[in-house]
Amino acid sequence: MKSVYISDELHRQAKVRAAEQGKTLRDFVEEQVQRGLERKPTEVPRDVAAMKERVATYQVETPVFVEPASDDPLAALEAQGFIIRGERLRQKLDEVMMRVCQQLGVEPPQGPPPSIEEVRAILARYQQMHPEVPTLSQLVLEMREEY
Amino acid sequence: MLCFYLDASAWTKRFTNELGGDTVSALLQTVAADEMASLYTSSVAIAETAAAVNRYRNRVNMPDSEFIALINGILGDLNGVSRLPVLDSDYLDAIPLITRYHINSSDAVQLHGILYRLTTILSAQPSDIILVSSDSRFLRAARLTGLQTLDPTAFPLEAVPSLFEL
Chain A
1 MKSVYISDEL
11 HRQAKVRAAE
21 QGKTLRDFVE
31 EQVQRGLERK
41 PTEVPRDVAA
51 MKERVATYQV
61 ETPVFVEPAS
71 DDPLAALEAQ
81 GFIIRGERLR
91 QKLDEVMMRV
101 CQQLGVEPPQ
111 GPPPSIEEVR
121 AILARYQQMH
131 PEVPTLSQLV
141 LEMREEY
Chain B
148 MLCFYLDASA
158 WTKRFTNELG
168 GDTVSALLQT
178 VAADEMASLY
188 TSSVAIAETA
198 AAVNRYRNRV
208 NMPDSEFIAL
218 INGILGDLNG
228 VSRLPVLDSD
238 YLDAIPLITR
248 YHINSSDAVQ
258 LHGILYRLTT
268 ILSAQPSDII
278 LVSSDSRFLR
288 AARLTGLQTL
298 DPTAFPLEAV
308 PSLFEL
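From first to last, the protein sequence lines are chains A and B. The opening position of the first sequence corresponds to residue 1 in my numbering, with each subsequent residue numbered one higher. The opening position of the second sequence corresponds to residue 148 in my numbering, with each subsequent residue numbered one higher.
Certain hints may be false.
[Unchecked claim] Here are the simulated distance ranges between beta carbons:
hint: 1; chain 1: A; residue 1: Pro73; chain 2: B; residue 2: Phe311; range: 36 to 42 Å
hint: 2; chain 1: A; residue 1: Ala19; chain 2: B; residue 2: Glu213; range: 22 to 28 Å
hint: 3; chain 1: B; residue 1: Ala197; chain 2: A; residue 2: Ser115; range: 15 to 21 Å
hint: 4; chain 1: B; residue 1: Pro273; chain 2: A; residue 2: Arg26; range: 55 to 61 Å
hint: 5; chain 1: A; residue 1: Arg12; chain 2: B; residue 2: Phe311; range: 16 to 22 Å
hint: 6; chain 1: A; residue 1: Arg90; chain 2: B; residue 2: Ser252; range: 35 to 41 Å
Since the hints were made in silico from the structure, they are not lab data. Even for Gly, the Cβ is constructed at its ideal location relative to N, Cα and C.
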């Protein structure tokens, strides 16, 4: 008999599954390991593939931070999933806009985002109609006072 | 390497005709054309800006469709701006900045990000880092940590090129 250390979470899951099947933890684990060893290396069951996908997603969302020591630190940070830039940033912002639109029940915007001039025009129009309302910059300071 | 960090109070000036907006726009343009300079912001500043836009929309009763166009345009303005990563630990490391300089949590986490990430990851010297903000308390705290500061409302547009002279 030999001991193998596994994570607390894996231990918990194995214990639950063993109890579900009415087996002891030892028998269950032995059976699972045996089955895994007998499986052809190329054979990847669907549930394992799905698990791998979830792990990959988790790794992107909560990576272990390593200070990058490369010539391009931002690229290294991007590779580790700490920042998003370029096309991925645009995609992320599109996703955010999509969720905001869903909340409001309006159609998501089509085409490129309004230009800086168009943004200024919208704000200028409202500023003219509501001169008593603080500007965006003043609202930022107002919010900071409330924190 | 000159590093600028743009906070929400400065960035939002770019979208209106208020004092300082032209300076921020000129800064963005000049940095984009200068290989020896870079401009940063963070998700904290972006979220803060989105909150200000939402507050504005509520105050002026802006229709949803126009609000969507506005926020989409503002978020689309981020091209060419790098972002500092903000981690869970940054919020905890920022606590001493809160108690020392009496700033709020979002300012403190940004200040920590500027001081820590820009100096360690990008090897920038604090004297080469310029915080661009129109929040006097935030600017004061940054100055006390040794950073340079720029308040666009007090910095003339014509003087922007002088920032990039060796």
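Status of each hint after checking the structure:
no.: 1; hint: A/Pro73 <-> B/Phe311: 36 to 42 Å; in the structure: 22 Å, violated
no.: 2; hint: A/Ala19 <-> B/Glu213: 22 to 28 Å; in the structure: 57 Å, violated
no.: 3; hint: B/Ala197 <-> A/Ser115: 15 to 21 Å; in the structure: 19 Å, holds
no.: 4; hint: B/Pro273 <-> A/Arg26: 55 to 61 Å; in the structure: 59 Å, holds
no.: 5; hint: A/Arg12 <-> B/Phe311: 16 to 22 Å; in the structure: 58 Å, violated
no.: 6; hint: A/Arg90 <-> B/Ser252: 35 to 41 Å; in the structure: 29 Å, violated
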